[in-house]
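Residue numbers (my numbering), protein chains in the order written: chain A, 1 to 802; chain B, 1 to 355.
Source of the hints: derived by calculation from the structure; they are not laboratory data. Because the structure is a prediction, the values reported are computed rather than measured. Check each hint, because a few of them may be wrong.
Said to hold, decoys possible - List time: in silico BS3-like cross-link candidates among lysine-lysine, alpha-carbon distance up to 25 Å: (1) B:278 - A:482; (2) A:485 - B:319; (3) A:2 - B:278; (4) B:184 - A:486; (5) A:299 - B:164.
To be verified - Not close to chain B: a few residues of chain A, all C-beta gaps over 12 Å, as computed: (6) 17; (7) 18; (8) 94; (9) 112; (10) 126; (11) 138; (12) 146; (13) 168; (14) 205; (15) 280; (16) 503; (17) 603; (18) 645; (19) 710; (20) 743; (21) 796.
Where is the CB? At the ideal position from N, CA and C, for every residue including glycine.
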Amino acid sequence: MKITTAWLKDHLDTKLNENQIIDKLTDIGLEVEGVDSQLGELDEFIIAKILKVEKHPDADRLRVCDVDIGSGEPVKVVCGAPNAKEGLLTIYAPPGAVVPKTQMKLVVSKIRGVTSYGMLCSESELNLSNESDGITELLPEKYNKKIGENYFPKKNLNVIDISITPNRADCLGVRGIARDLAAAGAGILINQKEKKLDKKNKQTISVKIENEKNQACISFGSCLIKGVKNTESPEWLKDKIISLGQKPISAIVDITNYVMFDLNRPLHAYDVDKIDKGIVVRNSKKGETFEALDNKEYKLEDEMCVISDASGVLGLGGIIGGTKTGTELDTKNVLIESAYFSPRSIRKSSKILNIDTDAKFRFERGIDPLSIDQGLERAANLIQEICGGKVSEFDIQKIEDVKKKSLKFDPSLFEKITGFNISIKEMITILNNLGFEIKENKELLDIIIPSWRPDISQEVDVVEELVRIKGYDQIKIIEPEKVRKKQTLNLKQKLFHFLQRSIASKGYLEAITWSFTDSKINQLFIESNKEIKIINPISSDLNVLRSSIFSNLIIHLNKNLGRGFKDLSLFEIGPIFLGSEPGEQQTVVCGLRSGKLARQSWLEKERLVDVFDVKSDVIKSLAEAGYNKDKLYIDDETPNYYHPGKSGRIFLNKAKEKVVAFFGDIHPGILKKLDIKTEALVGFEIFLDNLKQPKKSLKDQKTQYKYSDFQKSERDFAFVLDKNFKAQELIETISNVDKELIKSVKVFDVYEGANIPEGKKSIALNVTIQSLEKTLTEDDLNKINQLIISTVESKTGAKIRS
Amino acid sequence: MSDIKKIKDDFLLKLKENLDLNQVNHIKTELFGKTGLISSQFKQLGKLTEDEKKNFASDLNLVKNELENLIATKINNIKIKEINKKLEKEKIDITLPERPFVQGKIHPVSQVIDEISSIFSEIGFSVEEGPDVENEYNNFTALNTPDNHPARDMHDTFYLDDAKELLLRTHTSPVQIRTMLNNKPPFKIIAPGRTYRSDSDQTHTPMFHQVEGLHIDKNINMGHLKGCLNYFIKEFFEVDKIKMRFRPSHFPFTEPSAEVDIGYEIKDGKIVIGEGDKWLEVLGCGMVHPNVLKNVKVNPDEFQGYAFGIGIDRLAMLKYGINDLRAFFDCDYRWLNHFGFDPIDVPTNYRGLSR
Numbered sequence: 001m002k003i004t005t006a007w008l009k010d011h012l013d014t015k016l017n018e019n020q021i022i023d024k025l026t027d028i029g030l031e032v033e034g035v036d037s038q039l040g041e042l043d044e045f046i047i048a049k050i051l052k053v054e055k056h057p058d059a060d061r062l063r064v065c066d067v068d069i070g071s072g073e074p075v076k077v078v079c080g081a082p083n084a085k086e087g088l089l090t091i092y093a094p095p096g097a098v099v100p101k102t103q104m105k106l107v108v109s110k111i112r113g114v115t116s117y118g119m120l121c122s123e124s125e126l127n128l129s130n131e132s133d134g135i136t137e138l139l140p141e142k143y144n145k146k147i148g149e150n151y152f153p154k155k156n157l158n159v160i161d162i163s164i165t166p167n168r169a170d171c172l173g174v175r176g177i178a179r180d181l182a183a184a185g186a187g188i189l190i191n192q193k194e195k196k197l198d199k200k201n202k203q204t205i206s207v208k209i210e211n212e213k214n215q216a217c218i219s220f221g222s223c224l225i226k227g228v229k230n231t232e233s234p235e236w237l238k239d240k241i242i243s244l245g246q247k248p249i250s251a252i253v254d255i256t257n258y259v260m261f262d263l264n265r266p267l268h269a270y271d272v273d274k275i276d277k278g279i280v281v282r283n284s285k286k287g288e289t290f291e292a293l294d295n296k297e298y299k300l301e302d303e304m305c306v307i308s309d310a311s312g313v314l315g316l317g318g319i320i321g322g323t324k325t326g327t328e329l330d331t332k333n334v335l336i337e338s339a340y341f342s343p344r345s346i347r348k349s350s351k352i353l354n355i356d357t358d359a360k361f362r363f364e365r366g367i368d369p370l371s372i373d374q375g376l377e378r379a380a381n382l383i384q385e386i387c388g389g390k391v392s393e394f395d396i397q398k399i400e401d402v403k404k405k406s407l408k409f410d411p412s413l414f415e416k417i418t419g420f421n422i423s424i425k426e427m428i429t430i431l432n433n434l435g436f437e438i439k440e441n442k443e444l445l446d447i448i449i450p451s452w453r454p455d456i457s458q459e460v461d462v463v464e465e466l467v468r469i470k471g472y473d474q475i476k477i478i479e480p481e482k483v484r485k486k487q488t489l490n491l492k493q494k495l496f497h498f499l500q501r502s503i504a505s506k507g508y509l510e511a512i513t514w515s516f517t518d519s520k521i522n523q524l525f526i527e528s529n530k531e532i533k534i535i536n537p538i539s540s541d542l543n544v545l546r547s548s549i550f551s552n553l554i555i556h557l558n559k560n561l562g563r564g565f566k567d568l569s570l571f572e573i574g575p576i577f578l579g580s581e582p583g584e585q586q587t588v589v590c591g592l593r594s595g596k597l598a599r600q601s602w603l604e605k606e607r608l609v610d611v612f613d614v615k616s617d618v619i620k621s622l623a624e625a626g627y628n629k630d631k632l633y634i635d636d637e638t639p640n641y642y643h644p645g646k647s648g649r650i651f652l653n654k655a656k657e658k659v660v661a662f663f664g665d666i667h668p669g670i671l672k673k674l675d676i677k678t679e680a681l682v683g684f685e686i687f688l689d690n691l692k693q694p695k696k697s698l699k700d701q702k703t704q705y706k707y708s709d710f711q712k713s714e715r716d717f718a719f720v721l722d723k724n725f726k727a728q729e730l731i732e733t734i735s736n737v738d739k740e741l742i743k744s745v746k747v748f749d750v751y752e753g754a755n756i757p758e759g760k761k762s763i764a765l766n767v768t769i770q771s772l773e774k775t776l777t778e779d780d781l782n783k784i785n786q787l788i789i790s791t792v793e794s795k796t797g798a799k800i801r802s
Numbered sequence: 001m002s003d004i005k006k007i008k009d010d011f012l013l014k015l016k017e018n019l020d021l022n023q024v025n026h027i028k029t030e031l032f033g034k035t036g037l038i039s040s041q042f043k044q045l046g047k048l049t050e051d052e053k054k055n056f057a058s059d060l061n062l063v064k065n066e067l068e069n070l071i072a073t074k075i076n077n078i079k080i081k082e083i084n085k086k087l088e089k090e091k092i093d094i095t096l097p098e099r100p101f102v103q104g105k106i107h108p109v110s111q112v113i114d115e116i117s118s119i120f121s122e123i124g125f126s127v128e129e130g131p132d133v134e135n136e137y138n139n140f141t142a143l144n145t146p147d148n149h150p151a152r153d154m155h156d157t158f159y160l161d162d163a164k165e166l167l168l169r170t171h172t173s174p175v176q177i178r179t180m181l182n183n184k185p186p187f188k189i190i191a192p193g194r195t196y197r198s199d200s201d202q203t204h205t206p207m208f209h210q211v212e213g214l215h216i217d218k219n220i221n222m223g224h225l226k227g228c229l230n231y232f233i234k235e236f237f238e239v240d241k242i243k244m245r246f247r248p249s250h251f252p253f254t255e256p257s258a259e260v261d262i263g264y265e266i267k268d269g270k271i272v273i274g275e276g277d278k279w280l281e282v283l284g285c286g287m288v289h290p291n292v293l294k295n296v297k298v299n300p301d302e303f304q305g306y307a308f309g310i311g312i313d314r315l316a317m318l319k320y321g322i323n324d325l326r327a328f329f330d331c332d333y334r335w336l337n338h339f340g341f342d343p344i345d346v347p348t349n350y351r352g353l354s355r
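Generate coordinates for the entire structure from the input sequences, incorporating the hints supplied.
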């Protein structure tokens, strides 16, 4: 909502200056978003008189004018306007001024050899109208004594842009804002008296509201004005319309707009001679069409509130009028409509048709249903004043009576909610100033709510009014207590925190990417076909919720490769989506590593990142988060976006209940499809929701501490087994031979090739043996050795390598 | 007797010379080997009388110890010399680069979420979460925003179905609803998380982060709200004083509602929070609307309290001088490295929020 101080002063008798008003507005919840000094640039446009006009010596169409700008010496201005003549009063812009329409800054310039100091302006260049044929012509009787003064009155300098919250329909008119300011002590609301209309004629156009189901129009007031002469608006009215950034059209249209902005009372004007018989307000039928004032044809659905006549739809009630009955400069007879339409219906229809107008914006927030007469009164008066004509009686059709609402208010609620107290007397004053009527009761206040405040329906709304006007700065700070009754994070949140920082500590940079992604890429990272589509995506390449974090991460990894980076480690922790119902999502930590380790190091041998790097990152992080690394169970069934031979999945233990992680090389096919150029790309996914909480908390885990001081022994073994046999199973078999004595089993070599039969491999292991009770003898050790060999051979079919 | 002294004198002389390890070992054998000079002297002990034995043994032992010590020192010195000689050869250029390592980083949004959690933890808030996909009821209707409410226009919502029943939450406020529906009052929670609006320009991204706050108990009023946010802003920006302004505003789910501005000024091209005469909007808040409490089966006559919503990304930008919101989600390696935080830099109240 835009206002100017000058306009505000039509309604508010105030001593405050503009800055004080701006501060006050913000203090009472009418947030000033900006002060547009666009008119401030017009400071330099000066009322001037052409003293002499001479032909330009070197151009037929140009003239050289001597212009009196009130400073003594006339200035020379080169001008191309055909209407430039001696004695003409016009508007002069000096060098340095910025032309509002073109935003061009004027400079002193030579035009075909003649120096021109500034410019004489057309109305169009000043955004006053579309008139661009010649320079502005000012009326001598009005401006003759003002030569040298600013054309644009200084008091109109600033347009104050107020962000009106959706609850404050009443402040979509200047008067509503003035009322709020007055209540907050910024001045006195001026009581506006209308001139009494001489309503001699009858309103002869029949108006009928169909009393049907879901009829959105509750009342429809109208006034017929016959014999008008529609014209351009007078300057004061044009000024007002322009100050809001709107374009003046004609007096009748400008008046309806003015009343809307002034009183928040939208009106519509019909050219009566274009109405076929009478007006019927009814619900539309699907398929009906009409051409609206925005020159678009709209096809209507069922149950939209339309204003129609015998031949069809004239307009959408409260949203937009139609071209058929629109007023024009030659309009002789007008019908002014002042009606009430229900917000819900306005909102629904305008959403479907995608129309946004100033009237719609107001009706959907709730217009004062009791302002119908007031609107007609004001508009009819102005039309009569500017366009002449004879005014009819008002015709008010309604299908239900509107009564003011009331509520009972417990004054003690104020302190309960705000923490501070004001007297009941002060409460009543504030409420009265806002238009509430009060009947004081013993304990409760009986309050009648003004009809322009559809947002007030409960006691707490009254509290808000009071504290808002009283000032939020009155609320006293109560320092928070430093007491914690509940742990800040639950176990899952802690796990999130641990894993996030644990992965980052392995050299990964944390990324945050959208929760949505490109379906084409998402498809590469899901095994099922279920995708969650966004009905209204922001762009076609962000059209599905991500099924895996890989899709976005790989896109961004690729972008970074494009920036010239080769050795990248990126990860993200966040949601992936399994379904479109709330909760059908999982939290995943997903990482990618590309390129080489120790690239071009003088010290280390460089090598490609590989699956065992990410395996180590994942397992180490799990261990850091509190999971027993020795219990983890790994197999090789992985989704098809991993390399089938170089990837694995991790379970917390051999029971294989839930997959807690995948890791591996990214499938080379995906790299090819996405045209990713890197020497190596490995990745992992850890599924937080599948990680069971460790059974014991840390304080319980730490109670048992056993260690042995007895001699420990190491023995090496090498077994030859089937190529496909898993090392994990061999290690487990050995560990199980004697869980007490065998402390660790390490793989120190894996070998295929010469001396090993086709289809076989050799695994060499180092086994640490130690007792808690004694130093083992050679005999004890030999027994264990034999047991290891025989167990492995019998359980796995391996042969000890001699 | 004279034999012993002679041995001693001879060998002290010999050992004074500049000898190598072999030579010293040779001398050692000469003296103390099986047939060495000292060893042979000991063999003569048996031939002597008890009296003679005493003196002889004492003298012999003295000489033996002296020579032995001398030899040991000599050997030790030679070894040290050898080590020193070796060390000299082993001198390397220690300014060559260390073994390569990579440093991981935590995203500024994650860091700020941890900072916020740490601050609110101090005054008794716990962290709650909710799903990113919400139903229309939790995101709007339960929050006193029925479908004809113009406030919905301010939320450009992403929908997942044609009936517009399922959507991506437009704010973290539905976590309030879930928390209150599933538990009994009092409530004292914050809920950080991802939020979504179909909006994309210089200052808006289709996904962003909010933290919701909710404190419901008996007799919680706007003074508590002011106190809580005043404390939070001061702690978060790590300043002693903060200029703060509560301004009336409107949200369907709070009544009365407020927006909070903080004072700032620009010094040397950088924003300084807490001073100055300019205002910056940082959050929205208010007293939870009785309709919302009724929707979650909390009796508004018995319980009341406040809620607030803060844009996390914006707080991160303000605190750490990040200019461009869009860069948060661009994953530029250089940006992540520059604005990211070391993973061991966990915000805590005892060590401080930030380094």
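Practice task
Would you check the hint for residue 184 of chain B and residue 486 of chain A, treating anything up to 25 Å between C-alpha atoms as holding?
Solution key: 14 Å, holds
Practice task
Could you let me know if the closest chain B CB is still more than 12 Å away from the CB of residue 146 of chain A?
Solution key: 38 Å, holds
Handout entry: Minimum Cβ-Cβ distance from residue 645 of chain A to chain B exceeds 12 Å
Key = 27 Å, holds
Practice task
Quick one: work out the minimum CB distance from residue 138 of chain A to chain B and report holds if it exceeds 12 Å, violated otherwise.
Solution key: 41 Å, holds
Problem - Pair hint residue 278 of chain B and residue 482 of chain A, alpha-carbon separation not exceeding 25 Å - result: Measuring from Cα to Cα gives roughly 31 Å; hence the hint is violated.
Practice task
Quick one: work out the minimum CB distance from residue 17 of chain A to chain B and report holds if it exceeds 12 Å, violated otherwise.
Solution key: Correct as stated: the minimum Cβ-Cβ distance to chain B is 17 Å, above 12 Å.
Practice task
Over 12 Å to the closest beta carbon of chain B is the bar; see if residue 796 of chain A clears it.
Solution key: 39 Å, holds
Problem - Assertion that residue 126 of chain A lies farther than 12 Å from chain B (Cβ) - result: 31 Å, holds
Practice task
Run the C-beta distances from residue 112 of chain A to all of chain B and say if the shortest one exceeds 12 Å.
Solution key: Consistent with the label, residue 112 of chain A stays out of reach of chain B, its closest Cβ about 44 Å off (over 12 Å).
Problem - residue 503 of chain A remote from chain B - nearest C-beta pair above 12 Å - result: Since the minimum Cβ distance to chain B is about 7 Å, residue 503 of chain A lies within 12 Å and the statement is violated.
Problem - Pair hint outcome, residue 2 of chain A versus residue 278 of chain B [Cα-Cα no greater than 25 Å] - result: Holds. Residue 2 of chain A to residue 278 of chain B sits at ~22 Å (cutoff 25 Å).
Practice task
Given the hint that residue 299 of chain A pairs with residue 164 of chain B, test it: the Cα-Cα distance must not exceed 25 Å.
Solution key: Holds, because 23 Å separates the two Cα atoms, which is no more than 25 Å.
Consistency with the previously given hints fails for numbers 1, 2, 13, 16 and 17, ordered from lowest to highest.
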